[in-house]
Amino acid sequence: MTAPTAADEPPPALRLPRRRGVELSLLVGALLVAGYGYAEVGLARSGALPRDALRHGAGLALLALLAHLAVRRRAPYADPLLLPIAVLLNGLGLVLIHRLDLETPHTRAASAQLLWSTIGVGLFIAVVVAVRDHRVLQRYAYLCAATALALMVAPVLFPAVNGARIWIRLGGLSFQPAEFAKILFALFFAAYLAANRNALAYTGRRVWRLQLPTGRVLGPIAAIWLLSVGVLVLERDLGTSLLFFGLFVVMLYVATGRTGWIAVGLLLAAVGAAAVGSFEPHVHGRVEDWLHPFASIEAGQGPGQLAQSLFAFAAGGMFGTGLGSGHSVLIGFAAKSDFILATAGEELGLAGLTAVFLLYALLIARGYRTGLALTDPFGRLLAVGLASILALQVFVIAGGVTGLIPLTGMAMPFLAQGGSSVVTNWIIVALLIRVSDRARAPLPAVAAGAPVPVRTESR
Amino acid sequence: MTRCIRRAAALALLLLAALLVNAARVQVFQADALNANSANRRTLLARYEQPRGDILVDGDAVTGSRDSGQALRYERTYTEGPLYAPVTGYASQVYGASLVEGAEDPVLSGTSPLLAPLWGGLTRKRQPGGDAVTTIRAGVQRAAFDGLAGRRGAVAAVEPSTGRVLALVSSPSYDPGRLSGTGRAVKDAWSALNADPRQPMLNRAIRQTYPPGSTFKIVTAAAALDAGAVTDADAPTTAPDPYVLPGTSTALPNEASGCANASLAYAVVVSCNSVMAHLGVKVGLAGMLEAVGRFGFNDPRLRIPSAVAKSNFDTRMGPDQLALSSIGQFDTTATPLQMAMVAAAVANGGELRRPYLVERSTDRRGTTVAQPDHHDYGQAMSPATAVRLQQLMVDVVEKGTGTNAAIPGVRVGGKTGTAQNGVGNRGLPYAWFISWAQAPDAGQPAVAVAVVVEDAEANRADISGGGDAAPLAKAVMEAALKG
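Line by line, the protein sequences give chains A and B. Going by my numbering, the first sequence opens with residue 3, and the numbers climb by one from there. Going by my numbering, the second sequence opens with residue 683, and the numbers climb by one from there.
Heads up, a few of these hints could be off.
Stretches of chain B that chain A covers, calculated by requiring three or more beta carbons in the stretch to come under 8 Å of a beta carbon on chain A [said to hold, decoys possible]:
1. 687–697
2. 700–713
3. 857–863
Which residues of chain A face chain B? A few of them, derived with a C-beta cut under 8 Å, are [said to hold, decoys possible]:
4. V252
5. L312
6. H329
7. L332
8. G347
9. L352
10. A357
11. F359
12. I366
13. S390
14. A393
Some chain B residues close to chain A (C-beta under 10 Å, calculated; not the full set) [what the hints assert, rightly or not]:
15. M683
16. T684
17. L716
18. N717
19. N719
20. S720
21. A728
22. G746
23. D749
24. R808
Just so you know, these hints were derived from the structure itself, not from any lab. Every residue, glycine too, gets a C-beta built ideally from N, C-alpha and C.
Model the full structure from these sequences, guided by the hints.
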């Protein structure tokens, strides 16, 4: 799709298709889907269109339009799929949260989510506009690492919520700093690994298939990573520590090309999971719940959250009950956050759930694709890292609520209620837009009249 | 690095495949088991998500639905709860549904496949609840209910030519609306109603059996005529007065006079114990069992569509016990509905129609979706016997013990009964009256009625079928004859 078009006109500038029109029409489609979903909820619940349908629809449309204009102006070559998918997922999340709001009077989580989405899109625009070239970010690697560590340690000073010490509460506002930290870590890992990948891959002693780098090279990154995972374990944020671990291993593997890192990573993950799972009571409970989701029913205490979630998915079946017609509110307090996917599964069915998974898959695939298309190691690692964050997060949370793996409290990107989550995911998409613009933009050499370059990739 | 990125992407693809396979496992392959889990409240929620269909009497709904705003959204309401409780039963979110509410639940709650058009199974859209049209006639029901006036007892009225149940009253009654919802009040009402010694939730018309007393003599008379134990109803029998129970020294007394060697006709009209006991023994146990079976006794599967308690006539008895059983004592018991069936069989020329309470079920728009197959119960007696018994029952009303049931200008047949009750007859007796009525210009009898009054407050001497039950039966028949 990035094949150069025949240049009939004398100016040698190679006109790659920018596809901004495609992006705009896909955005309109995404908005229509979200708007239709919103209307559907209203019709199913009260037989009438929701009163604030116009306001919410217009709000989302305005955000999408502003984001699109920012991309059109400052990242004209960016991948045209990224923004529409983000808007569609965000819109679908608003519909699902609004739908669950109706079950619990006096809560207006959807409006709060729309507000956070506005902030998220604002930051998206800020990133797209302010960061002209992603390589600039490479300079701030250590600042990123320091900020991330500080962010992660901060919640220790605040009280635990639902067994996890991962929140910072200031006045009425609360946010999960680990959400922001993951972007900063991806930036730091990408920058550090890009600078030291040769040293990591080729120096040091060789043990079996693993080239052990010298401590001087591996040391700083391993220390920062260990510190962060340690803090997360202390904060009982198992999901995020799993995410950081996976991110670290994948980026190390991609940077060095050493399969051994994957093996070591899996081994360490298994040992760590077994140790934490058996010794840490909070995590141990989650594992037990995963192995025996119906134990509490047999004990006469009624279904637990995971059992309720499985009931919701089962009730959806192939085609779902229809938006607004399910009962996933039975899941309880985390229905709008950790378990939002159960509502999608119940009301949209396996068909709808598959569509949601494929949306994520498409978003992640475009991230990896951007990584393949770039030429600078930092950009490649950054794209891979950001895509991997999304992939791991979707897998861990979706696998958790559908009973595939033990449950860990994390937020489904864009879909789940949660301010920090929505904001971070918009920043992730902004960074992907930024790197994809670089990946797809014509090379400066073309403008200089040089022979049409082959898009080379270092192997 | 490119190869590694591809592999990382492949890993992500693998994770996606795992998610999809697992989602299909939960949503398709395990769905039925998860949906059927008793801890899954969805079935319950779906059931009460829409208003329940109504139960109709004379075309009017006697039920309704109320949006409670709770999780189990719609609760049942009743326009005249106590009056129709023996018909509708209750539909409770805690205690389930009974009687017509229970029997017609699939239609009323909208789950019946009958309600769904062909594509209903595909769309999985829940159908609105349909209605159950009963055979009850409001005027007849009201007359019976007012007639009992809170006294303990029951009334069952059927249309002899069809088996349609026109009235089903049990007293004292209760308001089933008190049991509709889920809250504390419902649980309290349930305990209170169950603990009430007057047993308001007992449906005495179909679920309680009583010794039928002398009303059972109609059955014995039919058996004697059909079996040939009596060939001429007006000819004297050889029954002595008093009649000594066979194999014992116990003498069976008569309340009436002139019973010695009296004819069957005289015995029915004045209610001679001796003659009927004698005839029952003459017919024999096998013959009596065959006869009572044709009327519906000993049938545990009778449904209208709610289950009707089995009316009993013992299958293994000595001659003395058979003698007592033949006059409706000993272990012989009958539901009021059973005795209404006896009167109906006589009125309908011996042909007994199977009683039924639900005429048809319809969808929300009133289109019939199911019309239960109403058929014969069988020939309870020969037509000739029926004609003979009709005349005897008319004589009871015109010049016997049942004159209180007479309606001027209307052909009314009846039979009184006063059943002894309790060990050694220490309990208060039950007053019975069974009857039927035919308007002068009508080809068919309009109604057959059975009334039982078990009034514990009354003076023992005042309790008699003719005194207590017959006027009530008369009121019910008059209501039935009206249009």
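Quiz item: Going through the earlier hints one by one, which of them does the structure break, listed in rising order?
Solution: Hint check: 3, 10, 22 and 23 fail, others pass.
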